[in-house]
Amino acid sequence: MLDNRGPERGLTGEALRYVVSGIGLAALYSAVYWTLAARFGVPVLIANTLAFAVNLIAGWLLHSRWTFAGRDTGDRAPAAYAGYVAINAASYGLNSLWVWTIVDHLHGSVALSIVPVVTVTPILTFLLNRAWIFRAKL
Numbered sequence: 001m002l003d004n005r006g007p008e009r010g011l012t013g014e015a016l017r018y019v020v021s022g023i024g025l026a027a028l029y030s031a032v033y034w035t036l037a038a039r040f041g042v043p044v045l046i047a048n049t050l051a052f053a054v055n056l057i058a059g060w061l062l063h064s065r066w067t068f069a070g071r072d073t074g075d076r077a078p079a080a081y082a083g084y085v086a087i088n089a090a091s092y093g094l095n096s097l098w099v100w101t102i103v104d105h106l107h108g109s110v111a112l113s114i115v116p117v118v119t120v121t122p123i124l125t126f127l128l129n130r131a132w133i134f135r136a137k138l
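Numbered by the numbering used here, the letters in the sequence shown go through residues 1 to 138 in order.
No lab work stands behind these hints: they were computed from the structure.
Incorrect hints may have been included.
Claimed, not checked - Have a look at the derived ranges for each label pair, beta carbon to beta carbon:
hint: 1; residue 1: Gly70; residue 2: Pro43; range: 39 to 45 Å
hint: 2; residue 1: Ala27; residue 2: Val85; range: 18 to 24 Å
hint: 3; residue 1: Ala38; residue 2: Leu11; range: 37 to 43 Å
hint: 4; residue 1: Gly70; residue 2: Thr49; range: 29 to 35 Å
hint: 5; residue 1: Leu45; residue 2: His107; range: 19 to 25 Å
hint: 6; residue 1: Arg65; residue 2: Ala26; range: 14 to 20 Å
hint: 7; residue 1: Trp132; residue 2: Ala111; range: 30 to 36 Å
Where a beta carbon is used, it is the ideal one built from N, C-alpha and C, also for glycine.
When you get a sec, could you build the whole thing from the sequences and use the hints?
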């Protein structure tokens, strides 16, 4: 774990940890989703929802203990977790909107729909999490 006394505690360090953790969480999501849908024949929307739920919990643990370490939620942990769930539910909805708009409405490719999913949405969720859930102690 990084020492929270140095420059890596600031925005740049948190953003870098967010990218690294995001790669790991994407791998976890993909493994759960693929295993359920491809190996066990679980319907894709159910597999997607279950993978999202696993990622939600893993993401909270990773972000609260490493990505935003030093920004302890303390006595507001239940409210912080509820906010974290709300932000992630909104990102799930935003990603669904990207996919629907680009693929179904504009008849673009699935690959093109991934671009805002992996660029715009993560930036927004990082900024919301940093400002609202893991805000600095005053």
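Task: Broken hints, by number - done: none
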